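**Q** Sequence:
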Amino acid sequence: MSIIAFFVWHVVNAGMGYSHRYDLRADDLYSSTNVTRRKLRDFEIGVFPGQAVDHDLGPEKGTFSQTYLINKDYFDDNKPLLFIYIADDISSDVVGYEVTIPAQTLKAAMVALEHRYFGDSKPTSDVSATRLKKLLTIPQTLEDIRSSASYITGVLSPATPMKIVLFGSSYTGSLASWARQLYPDLFIGAVASASPFDIKVAYDPYDSVAADDFSNPELGGSPQCLAEVTKAHAAFADILGTPGGRRMLEQKFHICRGTLDNRGNQLLATQGSTLLDFDLQSNDPSCSKDYCNIARICRRFTTGQEAALDKLAAVYNTNYPIPSTKCHDYDWSQELRELEDSRNSGARRLRALIGCNGRGLFVTCDESNRCPFMRSTDRLSHRLERCDRGFGISEEEVRQKVTEVYRKYGGKGLHNTTNVISINGNADPWYPVSITQKQPGVDVLMVEGASHCYWSLHENA
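Each residue of the sequence shown is one higher than the one before, starting from 1379 at the first, in the working numbering.
Simulated from the structure, these hints should not be mistaken for laboratory data. Keep in mind it's a predicted model, so treat the numbers as computed, not measured. Be aware that one or more of the hints could be misleading.
Calculated lysine-lysine pairs in the BS3-like style (CA-CA distance at most 30 angstroms, straight line) [said to hold, decoys possible]: (1) K1667 x K1439; (2) K1485 x K1786; (3) K1578 x K1439; (4) K1485 x K1439; (5) K1485 x K1450; (6) K1450 x K1500; (7) K1786 x K1511; (8) K1786 x K1512; (9) K1511 x K1816; (10) K1790 x K1512; (11) K1457 x K1511; (12) K1500 x K1816; (13) K1704 x K1609; (14) K1816 x K1790; (15) K1578 x K1630; (16) K1790 x K1578; (17) K1512 x K1578; (18) K1457 x K1485; (19) K1500 x K1578; (20) K1485 x K1511; (21) K1511 x K1500; (22) K1667 x K1704; (23) K1439 x K1500; (24) K1609 x K1786.
Computed beta-carbon distance windows for the label pairs [to be verified]: (25) D1455 x S1586: 42 to 52 angstroms; (26) G1789 x S1443: 51 to 61 angstroms; (27) T1703 x G1532: 53 to 63 angstroms; (28) G1636 x T1755: 42 to 52 angstroms; (29) A1615 x D1454: 56 to 66 angstroms.
C-beta atoms are modelled at their ideal positions from N, C-alpha and C, and glycine is treated no differently.
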């Protein structure tokens, strides 16, 4: 049995009323025997046609069809167990190994539930900011999970009462844990992968972990690499200060001429690891393309005699190639227009609204957190401008909404919720706001060297 399967076995058995509890150690779990994997058939599409548009008003005031995927390959009707993975958009590969491996071991049916307003699960055709601020909320989504679980249980028609464990990754793992907190009689447990619980407005530690990753030899990093990456971004920031410097940067990085004269564009073009065109939180040590992971990027920054800025440009232009007749356009005004667009139901806009509407966690980058990227004291205000301009949610309102979420669900303490597993990787910039220390009712698993939800995609993580 895999490590994660063993953890989930613990949650399921505790939830089924077993009188004994286990104080498991990581060494105990690593010695467990792996099961032989059996190929899964495709998930089937299902629809819950009676989901309430607005749970405050009830289904009698309007319903919509919420889509889910279901697989019963392993399901044992005599010991009915259901794993529900909370997704945003759903697809055949959205359910990761942290769900499928224990499902085989424990003979569970699996469901991937689509988040309201994503994919085909549209409560309303109206996606204006006014409508989304009321209906695309954490409480509405948690009620969706409750009512969908009851409906799907009826579809499966088990011979004995169904036991349900919720799963989620990142934000949806928080939802899984909060649903377990609110509806403990319906859900026997929750497994949260790389999920934030210490909800706040400004999230400073993200780039502190980024700095640790670039200096970590186990990931292919080094102190020299961190120093060079930081130096390159500092050089970019310094050269931005003059018109001639901006033209030089635009030419070197193939950015459209004049783009960098606007401060909003500057911050957009340099947020996080954009100038590496590399998603740090998805670092994959096994990738084989040029500059696709920390090790390959660090190899470039720690060899050769070029200036650090030239090495940065080499990585960027390799990872983000563009024909010589075209250029990269970072247009902050266009970004805001897309958020303002009341017809835009794209996932990026929806995720931005969720952040502004209570989830928070806006990443900063300044001297205080050892950020290896372009540091600026106006990063937070720039990110909050999306909320104000895009959705009419002021900074004060963002802070109020975030505080309400923290108080309602209890931060890392989860108001003493039990039977929750929190899985994290110590190379993931999000782990500081997750639960990484055992506490009564919550078990933890730290995957050494793993990035954000790495174990979901890699069977032997």
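**Q** Now tell me, hint by hint, if it's right for this structure.
**A** We went through each hint and held it up to the structure:
no. : hint                              : result
1   : K1667 x K1439                     : violated (53 angstroms)
2   : K1485 x K1786                     : violated (34 angstroms)
3   : K1578 x K1439                     : violated (34 angstroms)
4   : K1485 x K1439                     : violated (38 angstroms)
5   : K1485 x K1450                     : holds (9 angstroms)
6   : K1450 x K1500                     : holds (26 angstroms)
7   : K1786 x K1511                     : holds (18 angstroms)
8   : K1786 x K1512                     : holds (17 angstroms)
9   : K1511 x K1816                     : violated (35 angstroms)
10  : K1790 x K1512                     : holds (26 angstroms)
11  : K1457 x K1511                     : violated (41 angstroms)
12  : K1500 x K1816                     : violated (38 angstroms)
13  : K1704 x K1609                     : holds (28 angstroms)
14  : K1816 x K1790                     : holds (11 angstroms)
15  : K1578 x K1630                     : violated (37 angstroms)
16  : K1790 x K1578                     : holds (12 angstroms)
17  : K1512 x K1578                     : holds (21 angstroms)
18  : K1457 x K1485                     : holds (8 angstroms)
19  : K1500 x K1578                     : holds (28 angstroms)
20  : K1485 x K1511                     : violated (39 angstroms)
21  : K1511 x K1500                     : holds (14 angstroms)
22  : K1667 x K1704                     : holds (24 angstroms)
23  : K1439 x K1500                     : holds (15 angstroms)
24  : K1609 x K1786                     : violated (42 angstroms)
25  : D1455 x S1586: 42 to 52 angstroms : holds (49 angstroms)
26  : G1789 x S1443: 51 to 61 angstroms : violated (34 angstroms)
27  : T1703 x G1532: 53 to 63 angstroms : holds (58 angstroms)
28  : G1636 x T1755: 42 to 52 angstroms : violated (25 angstroms)
29  : A1615 x D1454: 56 to 66 angstroms : holds (59 angstroms)
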